[in-house]
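Asks: Read off the chains here:
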Amino acid sequence: MTLASTGDGYAHASAPAPATGNPGKVLNSAAAVSPAFSLSRRARRAWIWTLQNALPPALTTALLLLIWQIAFSQPGASLPTPSIVWSESKDLILQPFYWAGSQDIGLGWRILTSLQRVAVGFGLAAIAGIAIGALIGQSIWAMRGLDPIFQVLRTVPPLAWLPISLAAFRDANPSAIFVIFITSIWPILINTAVGIRNVPQDYRNVAAVLRLNTLELFFKVMLPSAAPYIFTGLRIGIGLSWLAIVAAEMLTGGVGIGFFIWDAWNSSKLPDIVVALVYIGLVGFVLDRLVSAAGRFVTRSATP
Amino acid sequence: MSKDNDPYLKLDHIAKSFQRGSTTTEVLRDIQLAIADGEYISIIGHSGCGKSTLLNIIGGLTPVTKGAVLLQNREVNSPGPERAIVFQNHSLLPWLSVYDNVAIAVNKVFSGRKSRAERDEWIKHNLALVHMSHALEKFPSELSGGMKQRVGIARALSLEPKILLLDEPFGALDALTRAHLQDSVMEIHSRLKNTMIMITHDVDEAVLLSDRIVMMTNGPAATIGEVLTVPLARPRDRLALVSDATYTQCRATVIEFLYARHKAPSLVA
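Protein sequence lines correspond, in order, to chains A and B.
Residue numbering for the first sequence is 0 to 303, as defined by numbering that gives the first Met the number 0.
Residue numbering for the second sequence is 0 to 268, as defined by numbering that gives the first Met the number 0.
Chain A extracted, bound-state conformation (with noise of 0.2 Å):
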């Protein structure tokens, strides 16, 4: 099991919490057993959970944007304030899809190219970690001959990685790519041998009852008793590739959210920058949820 126990800090290789955590979903399941429900009474719920969970971010949201409007008003200060970054950078703020010339185009542009990038490096990292993953986890000898490699290649920082991509590609694109696909393919490999190990026994004497063949075996009976941790995975590598494309990015040049950055740090323009990690971030929050709630809507059932 050394790949269980040195897996930490990346193999968490927990369930996806059950659903009942979250009170929006209980609202919903709640509404759904009794459809007697009135619609007044569902819109009012509505109107409690909004209260319940939207307002108390909202609140914190404005105190710290005052907090930080006071910290930096004084002249010379270092950092623009929120109503400067507001004044000079509400074309970026509003118009997301503006395009002007070939540097000249909204950041919702840029982020999409570098979603794409995402969408290439984390696919290709989800299918190679997935199928490396199950082989681990399910051979003995694959295991001890790949894992100690794995797990030293695991910590080189991705960065690291783009020198030699660059010169073994020859294009800042591909290399890129490949810093997505190499950085997020850890965790979900890991993760992935771990639920494929943890295939309890008594799954697979059903499959040998049954005599199903080795493809059978892994599509219907591994994959979906392993699921629960792939997606635990695939959650943990998609925050990593959006970690590590805003940074490659910024070395490549090109177009994208990271070289935008760069750029804006260049030319001296601090509120473009701010404006950039707002988007950054509200991306890498929208991509973890998407990750999450398919992992919830595949397993939706697999919790025994």
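Bear in mind the hints are in silico, worked out from the structure with no lab data behind them.
None of the values given here were measured: they were computed from a predicted structure.
Warning: the hint list may mix true and false statements.
Stated by the list, open to error - No farther apart than 30 Å at their CA atoms in a straight line, the calculated lysine-lysine pairs in the DSSO-like style are these:
{"#": "1", "chain 1": "B", "residue 1": "Lys123", "chain 2": "A", "residue 2": "Lys219"}
{"#": "2", "chain 1": "B", "residue 1": "Lys123", "chain 2": "B", "residue 2": "Lys107"}
{"#": "3", "chain 1": "B", "residue 1": "Lys113", "chain 2": "A", "residue 2": "Lys219"}
{"#": "4", "chain 1": "A", "residue 1": "Lys219", "chain 2": "B", "residue 2": "Lys107"}
{"#": "5", "chain 1": "B", "residue 1": "Lys107", "chain 2": "B", "residue 2": "Lys161"}
{"#": "6", "chain 1": "B", "residue 1": "Lys113", "chain 2": "B", "residue 2": "Lys192"}
{"#": "7", "chain 1": "B", "residue 1": "Lys161", "chain 2": "A", "residue 2": "Lys219"}
{"#": "8", "chain 1": "A", "residue 1": "Lys219", "chain 2": "B", "residue 2": "Lys137"}
Once you have looked at the hints, place chain B on chain A.
Replies: Frame of chain A, contents of chain B only:
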């Protein structure tokens, strides 16, 4: 019940030992048993006497060290659908609905022999047999323990097994649910005339359900201590049997074997 000279299932001098490092543990020694077609056999013994190992050997999940399992005079040494197993903890796949849990078995085993519509009907028929038709679309997590085990039995029955192996099928259930399921199994056995081998540690269950009770000695190197024939007519009614002399006699024999002559080894674990 056919009583041919060639037994339906023959356990021929089976021995099993496990090797761990340099130490060898002998679990089973020289198990010999002939089982007729349609017979209901219970295997009873204290915990750790290797009865589950024996069932796994018949099921093909565990290889023998010596001897052989012969089904209709042919050696079997790997798992297969003709020896379906009802697992103690039901072993339903939690991501599949009740219907799909049976369907995965039926679609695999009958894919060449039955049309899609026939398979659908066969799945529903088997679930009806265990009285689970009302819950086809439910998931295992939504079912009670007894209902899960019913689905497990339906899945095993749907394979049309030559032998149904039941590994303490009611062990994890409360007494009332257990009685219900025992009645269901008796009903199924009388209707389908399957050969059934059941592991149990419940004396009443063994006497109520079985044609013969195989009593195992304590391990290590456990073997068959005694085989008791239960000469009770079928169908059996648990209420009437409570005061039945033969029933009481059989029960006493098993209890005497288990608690007087082969007392449980001191609980080390």
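Asks: When the structure is checked against the list of hints, which entries are broken? Sort them ascending.
Replies: none
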